[in-house]
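> This is what each chain is made of:
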Amino acid sequence: MVDVTPAYVPTVDAAAESPRRLRDAILHFCRLQPLGTVGLVLVLVMAIAGLSAEWIAPYNPTANDFAAMTEPPSWAHLMGTDQFGRDLFSRIVFGARTALIVGFSCAIVGGVAGLVLGVASAYFGGRLDLFLQRVMDVVMAFPLIILALAVIAIAGSGVHNVIVAITIPLIPRCARVVRASALSIREVPYIDAARACGFGHTRIILRHMVPNVLAPFLIMLTAFVGQAILGRHRCPIWVSAYRSRRRPGA
Amino acid sequence: MYRYIVNRLLLAVPTLVGAAVLVFVLMRLIPGDVCMIRLGSGGASVDPHALAACHAELGLDRPLLLQFLDFAWGFFRLDFGISMWSGKPVAEEIAARLPISLEIAVMGSVLAVLIAIPLGTISALWQNSWLDHVVRTVAIAGIATPSFWLGIVSILVVLDVSHALFGAAWMPPIDYVPFWQDPLRNLSMVILPALTIGYRYSAVTMRMTRSAMLEVVREDYIRTARAKGLVEHLIINRHALKNALLPVVTLIGIEFAFLIGGLVVTEQVFNLNGVGRLFVLAVQNQDYTLTQALVMLTVAVFVLVNLAVDLLYAWLDPRIRFG
Chain A
1 MVDVTPAYVP TVDAAAESPR RLRDAILHFC RLQPLGTVGL VLVLVMAIAG
51 LSAEWIAPYN PTANDFAAMT EPPSWAHLMG TDQFGRDLFS RIVFGARTAL
101 IVGFSCAIVG GVAGLVLGVA SAYFGGRLDL FLQRVMDVVM AFPLIILALA
151 VIAIAGSGVH NVIVAITIPL IPRCARVVRA SALSIREVPY IDAARACGFG
201 HTRIILRHMV PNVLAPFLIM LTAFVGQAIL GRHRCPIWVS AYRSRRRPGA
Chain B
1 MYRYIVNRLL LAVPTLVGAA VLVFVLMRLI PGDVCMIRLG SGGASVDPHA
51 LAACHAELGL DRPLLLQFLD FAWGFFRLDF GISMWSGKPV AEEIAARLPI
101 SLEIAVMGSV LAVLIAIPLG TISALWQNSW LDHVVRTVAI AGIATPSFWL
151 GIVSILVVLD VSHALFGAAW MPPIDYVPFW QDPLRNLSMV ILPALTIGYR
201 YSAVTMRMTR SAMLEVVRED YIRTARAKGL VEHLIINRHA LKNALLPVVT
251 LIGIEFAFLI GGLVVTEQVF NLNGVGRLFV LAVQNQDYTL TQALVMLTVA
301 VFVLVNLAVD LLYAWLDPRI RFG
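Sequence order for the protein chains is A and B. Take the first sequence: its position 191, counted from the start at 1, is 191 in the working numbering, and no numbers get skipped. Take the second sequence: its position 26, counted from the start at 1, is 26 in the working numbering, and no numbers get skipped.
Bound conformation, chain A alone (with noise of 0.2 angstroms):
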């Protein structure tokens, strides 16, 4: 019998190799894609920034201060003020919380919802493709005014409704892009290969379609969360100049 166990073993501490492997993955992350960085980096400020508001914020982001207006930034003020004296930075950190969240939500729960309808219409094809579509064409084309508004009647107002009314076009944007890139991909061999093996709709579209539609569907996601935050913006001010113009009571 021949003797196998190695003449040096070499000895490996587990405790400190894994936070030394980390370290190791995170600067090798930031040497390959430093714009990558830069951005995670802006991104977990503004959270920290959102999460921590109550304690950075040196004012109430809605006092107003008339003997303020429109300040230049200055040590009392470090980003100046806006025309009714609110102290721009304490509005900026406490709007980054609420910017964070309608954006990162939006634009995930209306990426996976266009993801799953892009990828099915296109697997199924036929008449699920036919109906999808035209549905998606139809909420595409409806603006974003009288979603928000028809929301708000429904479901009144606040920031989940305006996260409804945000995602709603977001949706068909994203299926139809998916639906292009999985119309390409339901046509190649190991497609073919895994319906002749007998693995079923679920597992042919989560293992070998939906790895392959996420470069563009990451594109769509990153496009979207700027999208919301913008459109969370216009919400609000298409709903207030609604309400100016309604008259209070028949």
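A hint or two may mislead.
Coverage of chain A stretches by chain B, computed from C-beta distances (three or more under 8 angstroms per stretch; other residues unrestricted) [what the hints assert, rightly or not]:
| hint | segment |
| --- | --- |
| 1 | 139-146 |
| 2 | 149-158 |
| 3 | 205-219 |
Just the calculated beta-carbon pair ranges, DEER-fashion [as the list claims (entries may be wrong)]:
| hint | chain 1 | residue 1 | chain 2 | residue 2 | range |
| --- | --- | --- | --- | --- | --- |
| 4 | B | W170 | A | A25 | 34 to 42 angstroms |
| 5 | B | I5 | A | V116 | 23 to 31 angstroms |
| 6 | A | A215 | B | V138 | 16 to 24 angstroms |
| 7 | A | R21 | B | R226 | 31 to 39 angstroms |
| 8 | B | G87 | A | A63 | 40 to 48 angstroms |
| 9 | A | F124 | B | L184 | 47 to 55 angstroms |
| 10 | A | T70 | B | L165 | 54 to 62 angstroms |
| 11 | A | A215 | B | M1 | 22 to 30 angstroms |
| 12 | B | M1 | A | V116 | 44 to 52 angstroms |
Over 10 angstroms on every C-beta distance to chain B, these chain A residues come out as not near it, computed from the model [to be verified]:
| hint | residue |
| --- | --- |
| 13 | I26 |
| 14 | T62 |
| 15 | P73 |
| 16 | A180 |
| 17 | S184 |
| 18 | E187 |
| 19 | Y190 |
| 20 | A194 |
What the hints contain is simulated information worked out from the structure, not anything from laboratory work. Built from N, CA and C at the ideal position, the CB exists for glycine as well.
Knowing the structure of chain A, use the given hints to seat chain B on it.
Positioned in the frame of chain A, the structure of chain B alone reads:
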């Protein structure tokens, strides 16, 4: 393929019917109506008799089903009725504003495609080079920058530069002149808004092109083409780009259709009398006829654009078959 086109055109009918039902219902779900806004502006209470007379004049006192059938029958005859707010024919209101929106949409799309696809391709081929970093930074800035801010800044820059160079600030003309009447005046009005929306449009398209090209250039058939000794530009134009363009043309189609009636803020910044502002005014005034006509127009544009994009898929990737 012809059967598919005929099927899609026939399917446009139920699509438009569905859109008509949806806009009809959603507009009536919003509390209030045009009469309440017209008679009650300024916060004063409204005389019920005046309100009833207004409702009768505009047909809002009829049952909802009759109102919908009237709207559907009118749309079928291409008679969009009279605007409940201004009293002018809806077709006239839209026709006065559609050319400028269409022109800006086309110019913005052309600029975006001419800039985005070449830059996205170069960025993908020279991945992680200084050019790639510059292009990606410009693209991300384009996605992050609000169009209204960019529009205002571009106006200020043009004013300051023209004042510095010529001693007098230059402003674009206010009144719209069709291109065939005075091309220079027309272009001077639309070039700034077209560049503003074109920048954002090209940013997303550039990122999508880069992402799709990065996937395609790593495929085996590209490696085989290089191994065969095919010239690089033929590999990119004949093999890589066609396969990468599927999500890109989808995005271009969606954005173009959106530009027709979605440029609300840009039109406000540049003081353009376009379809976007008309849309917002129609909804805020709860002008049912005008809103319904505008939504139907937008849906029709989306249906046609998406049909063109789907047909383009089959040309770009012959493996794709519909039906």
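> Check the structure against each numbered hint from earlier and tell me which ones fail, lowest number first.
Failing hints, ascending: 4, 10, 12, 16, 17, 18.
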